[in-house]
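**Q** Heads up: the sequence lines are chains A and B, in that order.
The numbers in our numbering rise by one with no breaks, and the one at position 121 of the first sequence is 120.
The numbers in our numbering rise by one with no breaks, and the one at position 58 of the second sequence is 57.
Worth double-checking, as some hints may not be accurate.
Identical copies carry no separate label here, and so any pair may be met within one copy or between two of them.
Simulated pairs of lysine to any residue, SDA-like, Cα-Cα distance not exceeding 20 Å [to be verified]: (1) LYS60 with LEU29; (2) LYS60 with GLY166; (3) LYS60 with TRP168.
Bear in mind the hints are in silico, worked out from the structure with no lab data behind them.
This is what each chain is made of:
Number of protein chains: 2
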Amino acid sequence: MQTWEAVTSRRNVRSFTEQQIGSEDLHRILEAGRRAPSSRNLQPWDFVVVTDRAELQELSKVWVGAGHVAGAATAIALIIGPAEEPGHRDEFDLGQATMAMMITAADAGIGSAHSAVGDQDLASQLLGLPADHSCAYLISLGYPADRPLAPITRPDRRPFDEVVHWGRW
Amino acid sequence: MQTWEAVTSRRNVRSFTEQQIGSEDLHRILEAGRRAPSSRNLQPWDFVVVTDRAELQELSKVWVGAGHVAGAATAIALIIGPAEEPGHRDEFDLGQATMAMMITAADAGIGSAHSAVGDQDLASQLLGLPADHSCAYLISLGYPADRPLAPITRPDRRPFDEVVHWGRW
Numbered sequence: 000m001q002t003w004e005a006v007t008s009r010r011n012v013r014s015f016t017e018q019q020i021g022s023e024d025l026h027r028i029l030e031a032g033r034r035a036p037s038s039r040n041l042q043p044w045d046f047v048v049v050t051d052r053a054e055l056q057e058l059s060k061v062w063v064g065a066g067h068v069a070g071a072a073t074a075i076a077l078i079i080g081p082a083e084e085p086g087h088r089d090e091f092d093l094g095q096a097t098m099a100m101m102i103t104a105a106d107a108g109i110g111s112a113h114s115a116v117g118d119q120d121l122a123s124q125l126l127g128l129p130a131d132h133s134c135a136y137l138i139s140l141g142y143p144a145d146r147p148l149a150p151i152t153r154p155d156r157r158p159f160d161e162v163v164h165w166g167r168w
Numbered sequence: 000m001q002t003w004e005a006v007t008s009r010r011n012v013r014s015f016t017e018q019q020i021g022s023e024d025l026h027r028i029l030e031a032g033r034r035a036p037s038s039r040n041l042q043p044w045d046f047v048v049v050t051d052r053a054e055l056q057e058l059s060k061v062w063v064g065a066g067h068v069a070g071a072a073t074a075i076a077l078i079i080g081p082a083e084e085p086g087h088r089d090e091f092d093l094g095q096a097t098m099a100m101m102i103t104a105a106d107a108g109i110g111s112a113h114s115a116v117g118d119q120d121l122a123s124q125l126l127g128l129p130a131d132h133s134c135a136y137l138i139s140l141g142y143p144a145d146r147p148l149a150p151i152t153r154p155d156r157r158p159f160d161e162v163v164h165w166g167r168w
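Whenever a hint applies, use it, and build me the whole structure from the sequences.
**A** Listed below in structure tokens is the structure:
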């Protein structure tokens with residue numbers, strides 16, 4: 000798929016078919032995340048890949064907005080360690096890695112949605128995390144139950160001319 | 000360009016040729032950012048586009064790591080308003096928008112690099128920002144001075160099998 004088609008086809012998908020994600024596609028999605036840039040190339044992330052249905056259902060309980068994880072073909076848990084320094088760089092970098100994975104998923108016709116994590120104890124127990132690590136986000140992946148991904152012509156976003164300023168604000 | 004080629008060709012480029020970025024490419028890069036997902040679709044960003052050489056040179060002084068802005072063909076300043084609620088969602092969302100723009104730039108053979116902003120007073124004065132807004136990041140764009148973008152076969156990253164865990168940590 001052409002890049003622009005993948006970028007414009009990506010949308011939040013929260014309901015998935017039973018179809019599994021092929022290992023080649025999944026590897027490529029994870030590789031896109033691994034390659035993402037990060038502050039001082041710290042790569043503050045680890046990815047835990049969950050495909051077991053029972054585990055996905057349990058994981059979906061970590062946050063009110065994580066319901067879509069229960070029916071996902073695969074979830075990728077974004078894990079971070081103890082912050083090396085104050086600041087929000089980890090969050091920015093996780094956002095970059097997430098977007099790289101979602102665009103790469105869209106390229107293969109795979110839908111995605113992400114969720115924050117509220118119950119860190121539950122997430123940590125389910126994922127077997129080291130004590131000083133936490134689960135920052137969950138990314139659900141799967142083939143859309145409603146309609147295939149296709150370029151979105153009128154995205155639900157603020158108008159271009161409101162968001163973009165030329166030269167100065 | 001195919002999506003995977005764009006994803007794997009993106010790299011930090013900090014030295015640029017004099018070639019300007021065509022308006023169609025620039026529009027597409029900005030549109031990719033506008034379309035990025037955000038928490039509760041808040042779209043907490045505004046983008047200020049800078050192409051004037053003198054302004055780029057002044058902007059490059061806002062942070063020790065922003066030197067590449069001086070020679071960029073274009074810089075996109077990511078602006079955020081007052082935080083609506085505690086938490087790091089804005090940072091995560093800015094990371095998503097940034098990655099969408101950088102991959103879209105790579106698709107057109109355009110290199111990119113980003114920088115944090117230290118001197119908010121200077122950034123605010125140069126960009127004419129409202130008093131309650133700040134410049135979170137700068138993205139430099141331009142054609143690479145050294146070598147064209149091409150898929151990177153051995154990225155400088157932690158090994159795949161170290162980053163990716165299957166089922167549990």
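**Q** Within a copy, between copies, both or neither: where do LYS60 and LEU29 come within 20 Å Cα-Cα?
**A** neither (24 Å within a copy, 36 Å between copies)
**Q** Please sort LYS60 with TRP168 into within, between, both or neither, judging by C-alpha distance up to 20 Å.
**A** between (43 Å within a copy, 19 Å between copies)
**Q** First find the shortest C-alpha distance between LYS60 and GLY166 inside one copy, then the shortest across copies, and answer within, between, both or neither for a cut-off of 20 Å.
**A** between (46 Å within a copy, 17 Å between copies)
Of the numbered hints stated above, the single one contradicted by the structure is hint 1.
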